[in-house]
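With the hints as constraints, model all of the structure from the sequences given.
First to last, the protein sequences are chains A and B.
Oh and the first sequence: position 168 is 171 in the numbering used here, straight run, nothing missing.
Oh and the second sequence: position 224 is 227 in the numbering used here, straight run, nothing missing.
Hints were generated in silico from the structure; no laboratory data involved.
There may be inaccurate statements among the hints.
When chains are identical, the list treats them as one kind, so a pair holds in a single copy or across two.
No more than 20 angstroms apart at the CA atoms, straight line, and that leaves these computed lysine to aspartate or glutamate pairs for EDC-like [said to hold, decoys possible]: (1) Lys-74 to Asp-113; (2) Lys-239 to Asp-381; (3) Lys-239 to Glu-254; (4) Lys-239 to Glu-201; (5) Lys-413 to Glu-342; (6) Lys-78 to Glu-57.
There are 2 protein chains.
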Amino acid sequence: MTPGINPERLMAMLEQQAAIGATEGFGLARPALSELDVQARRWFADRVRESGLELSMDGAGNQSVTLFSEKPDAKTLLIGSHLDTVPNGGRYDGVLGVLSGFEVLLALRDAQIQLPFHLEVINFTDEEGTLRGVLGSSAAIGHLSAEDLAAIRGGMAELEAGLGRIGSSADALLHARRDFSRYVGYLEAHIEQGTRLETAHVDIGVVTSIVGVRSYWLTFGGEAAHAGTRPMPDRKDALWGASHLIQQAREHVLLNFQPGVVNFGRIALEPGAFNIVPAQVQMALEFRHGDPVILEAMEDALLTLARQSAEMFGLTLEIRSAGLIAPAPMDLAMVELIEVAAKRADLSHMRLMSFAGHDAQMLARVTPSVMFFVPCLDGVSHNPAEYCAPEDCAHAAQVLLEAVLLLAEKSGDEP
Amino acid sequence: MTPGINPERLMAMLEQQAAIGATEGFGLARPALSELDVQARRWFADRVRESGLELSMDGAGNQSVTLFSEKPDAKTLLIGSHLDTVPNGGRYDGVLGVLSGFEVLLALRDAQIQLPFHLEVINFTDEEGTLRGVLGSSAAIGHLSAEDLAAIRGGMAELEAGLGRIGSSADALLHARRDFSRYVGYLEAHIEQGTRLETAHVDIGVVTSIVGVRSYWLTFGGEAAHAGTRPMPDRKDALWGASHLIQQAREHVLLNFQPGVVNFGRIALEPGAFNIVPAQVQMALEFRHGDPVILEAMEDALLTLARQSAEMFGLTLEIRSAGLIAPAPMDLAMVELIEVAAKRADLSHMRLMSFAGHDAQMLARVTPSVMFFVPCLDGVSHNPAEYCAPEDCAHAAQVLLEAVLLLAEKSGDEP
Chain A
4 MTPGINPERL
14 MAMLEQQAAI
24 GATEGFGLAR
34 PALSELDVQA
44 RRWFADRVRE
54 SGLELSMDGA
64 GNQSVTLFSE
74 KPDAKTLLIG
84 SHLDTVPNGG
94 RYDGVLGVLS
104 GFEVLLALRD
114 AQIQLPFHLE
124 VINFTDEEGT
134 LRGVLGSSAA
144 IGHLSAEDLA
154 AIRGGMAELE
164 AGLGRIGSSA
174 DALLHARRDF
184 SRYVGYLEAH
194 IEQGTRLETA
204 HVDIGVVTSI
214 VGVRSYWLTF
224 GGEAAHAGTR
234 PMPDRKDALW
244 GASHLIQQAR
254 EHVLLNFQPG
264 VVNFGRIALE
274 PGAFNIVPAQ
284 VQMALEFRHG
294 DPVILEAMED
304 ALLTLARQSA
314 EMFGLTLEIR
324 SAGLIAPAPM
334 DLAMVELIEV
344 AAKRADLSHM
354 RLMSFAGHDA
364 QMLARVTPSV
374 MFFVPCLDGV
384 SHNPAEYCAP
394 EDCAHAAQVL
404 LEAVLLLAEK
414 SGDEP
Chain B
4 MTPGINPERL
14 MAMLEQQAAI
24 GATEGFGLAR
34 PALSELDVQA
44 RRWFADRVRE
54 SGLELSMDGA
64 GNQSVTLFSE
74 KPDAKTLLIG
84 SHLDTVPNGG
94 RYDGVLGVLS
104 GFEVLLALRD
114 AQIQLPFHLE
124 VINFTDEEGT
134 LRGVLGSSAA
144 IGHLSAEDLA
154 AIRGGMAELE
164 AGLGRIGSSA
174 DALLHARRDF
184 SRYVGYLEAH
194 IEQGTRLETA
204 HVDIGVVTSI
214 VGVRSYWLTF
224 GGEAAHAGTR
234 PMPDRKDALW
244 GASHLIQQAR
254 EHVLLNFQPG
264 VVNFGRIALE
274 PGAFNIVPAQ
284 VQMALEFRHG
294 DPVILEAMED
304 ALLTLARQSA
314 EMFGLTLEIR
324 SAGLIAPAPM
334 DLAMVELIEV
344 AAKRADLSHM
354 RLMSFAGHDA
364 QMLARVTPSV
374 MFFVPCLDGV
384 SHNPAEYCAP
394 EDCAHAAQVL
404 LEAVLLLAEK
414 SGDEP
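Below is the structure:
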C-alpha cells in the first residue's frame, strides 16, 4: 500500500495543541517546563498512546515516539523539533516540525511500510531558551556541562523545579547524551520566520546552513565639549564615529555579504545633554552568516570599518566580544535529498540559510542533518499573528514522507 | 591726569575672590544665591566701600557701584557681568567682566576724570542658571514674568530662600525693571570659552552676535524585527535614518553654515536588544548661529535633511520643538567702538560670534550693547582648569577703559 499523509489528521492535531496555553489573538504561551508545557507534553503522550504506540522520555525531557524496523541492527532516523513556545508566540514555530513528523510516522505505520531504519519523532526540551536555548538537543548530543547549567538563564532552582515537573532532574539532564553512531540522520521541518519563500512564491526552502552569530560591544571615545563654543572642526564627537560606522556597515554588508545581515540593536551615549558634544558612544554590533569563512570575512570587514570610523573622527575604539555561535552547515547529501523529495511531492524549492537558531544546529554536529522551511504569512513569527496555511503544513509532512522513503530506497532496502 | 588701569590691583582682586568657594584644582563653586555667592557679594561690597564708593542693589539682587557724572541730565553707561559660577567652574567666567569694569571705574576715579555719563559697574544675579539663566539681567530689562518664576528650575521655594539670603524677594525681583532710555549702552568683557582667538593669535575678539539656539526632539519610527530572519533590504531600521541624518547634518553645517554649529547630544533606542532591529530612535538636535536669517535657513536645511533621511529608509519622523533662544546681534556702532578701543590699546582684534549665552544678550534688547572676549587657555571653561593669563585680564580692563573714553569723546564732552 502506498503511504500518504492525512492532512485532516495533521490539521486536527495542530488545532488541538493550540488550545494549550492559548493567549488572546490566536497566540500561544508555553514556556519550557512550565505547567502549560507539561500539559502540552501530556497531550502529545496521549496522542501517541491513542495511536497504539509507546512514548519514551530521556533525561533531558526529550519526548520520543518510535516506529521500529524489523531489520537486524537497524539504525535510527530522527525527525523532530519542539512543542515549547516563547512567552507570546504562535501556533506553528516548532510544533509543525514535531506534528508533521508524527503524521509521517502514523502514515507509514498505517500503510504497514517496513523501513530499513527505526523512525523516531522527537519533541526537544526548551528550544526557545526559557532556561537555555536548544537545551534538550544540546544534552542529547552531549554538548552540555555542569558549568553550562550553573550559568543557566533562569537559575538552577528554576531548572530543577521545571525538570521535577516532568519527573527528571539536572543530573539526568547531564547524562542524556546519546550514541549518534546509531543514527542515520536528522530531519526538521519548520516555518520560515522570514519572507524569502513568500516573496519568491516557492513552496519549500531547503536550509543549507544555520547562520553563525557574532556579537560585540563597540565603544567610541571622544571628548565632551560645549556644543556652542567648541568649533565643529575641533570636536571629537563619539557619535560622529558611531553613526558613520552604522552607515558604512549597512552599505558594505548589502553590497558584499548578502544574505548575511548586520544589526546595531543598542546604543548608549555619555554624558547625554542637548548642549554637550557626546564623549562616548557604546553600541551593540551583531552580524550573521551561514558560511564560516564568510562570517570571518564579515568580522574582518566590520571591525576594520569600525576602526576606520574611529580614526576618521579622532576617536578611540574599544572592541569587546559579547558572544559567538558558530555557523552550522547542513549535510549536503541531506540537502539534495530534500530537494528530490520536494520534486517528488511536486513542490517548488530553493536553497536558503536559516537566520535563526534551531535544534538542527546542534544535531548537525553529530549526524547528517538538514532542515527545510515552509512559508509563514508575512514572515511573522514569535507573535500571536504567526500563521501557516493548511496546504503549507501539509507540504511539510509530504516532504518529510518523501525524504524518509528516499532514504529507505537509498539504503538499498525497498520499503 | 591720563587715566590708566592698575593691573596689580585687578590681579589682586581676581586672586582674592578666588578664595570664596574654592574647589580642588583651582576651581570655583558659587551657585547663585547660595551661601558662597552671598560671601562673594559681601566681598565685592567691601571692596567698593573700601574704595570710598557706595554699593547699591536692585530687587533682582543685581549689585552696582556708580561713578557719578556732574553733567546735568547725565545718562548712564553700564559695564558688567556676574560673580556667580557653575557648580565646578573656574575663576574668570563672569568675574573678569565685573572686576575689570570695577578696575576701570577706580582708574577713572583716581585720575579724577569727569565723564559726560554716569558709569555703573554691575554684578548680575544668576547668569549661570542655578535657578534661571541670565535671571538678573532679564529682570532688569523687564523680561521676566510671574509665569517664568512659576516654571523656575529650582522651584519657587528655592528662589524665595535664595533671594531672602540677600534681603530681596520674588516680588521685588518682578519689579526690578529699569528705564533703559536713561542708559547710553552696555559693555561686557568675558573670557572666550573657545579657541578661536588662541588659534588665530589675536588679543581681542569683538562679538558681533550672541548666537541663537534652537533645539528639537526628533523621533524616527521604523519596525522592530528579528535581526537574523528579516532580510536587510526589507528592514525599517530607525537607526539607519538617525545615523544618516547625523552624518548629513555634520557635513552640511561644516560646508554651508560655519561658524554655526550642530549637535546631537542625546539618543535613545527602542526596543534595544542585540538581535532586534531598532523600531524607534529619539534624538536631541541643537543648532546655533548668530544671524537670525541664517539660523532660520539652518533650521530649514536640518529639518529637511531629517525628513529626507526618514524617507530614504521608509521611516516615520516626528519633530518636536524643545526650546529656542533668539540670536542677539550686538550694536554695530558699539562693535566698531571696541575695535577702535583695541587699536588704541595696541591690541590685535577680530570679529567673532559668542556661541554661549551671556547677560549681554538680554541688554542688547534695550540698549546699544557689545561684548568682547579675551583668550582663555585651550578654550577650557566651566572647569577648574579655566585659565586667563594676567596680560589678557589686563587687556580686558584696558579695552574697557579706552571704550569708555571714546564714548565720552564721542558725546562731545572731552573728559
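Structure-based check of all given hints:
no.: 1; hint: Lys-74 to Asp-113; verdict: within (19 angstroms within a copy, 120 angstroms between copies)
no.: 2; hint: Lys-239 to Asp-381; verdict: between (43 angstroms within a copy, 15 angstroms between copies)
no.: 3; hint: Lys-239 to Glu-254; verdict: between (24 angstroms within a copy, 15 angstroms between copies)
no.: 4; hint: Lys-239 to Glu-201; verdict: between (46 angstroms within a copy, 19 angstroms between copies)
no.: 5; hint: Lys-413 to Glu-342; verdict: within (15 angstroms within a copy, 97 angstroms between copies)
no.: 6; hint: Lys-78 to Glu-57; verdict: within (18 angstroms within a copy, 107 angstroms between copies)
Checked against the numbered hints above, the structure violates none of them.
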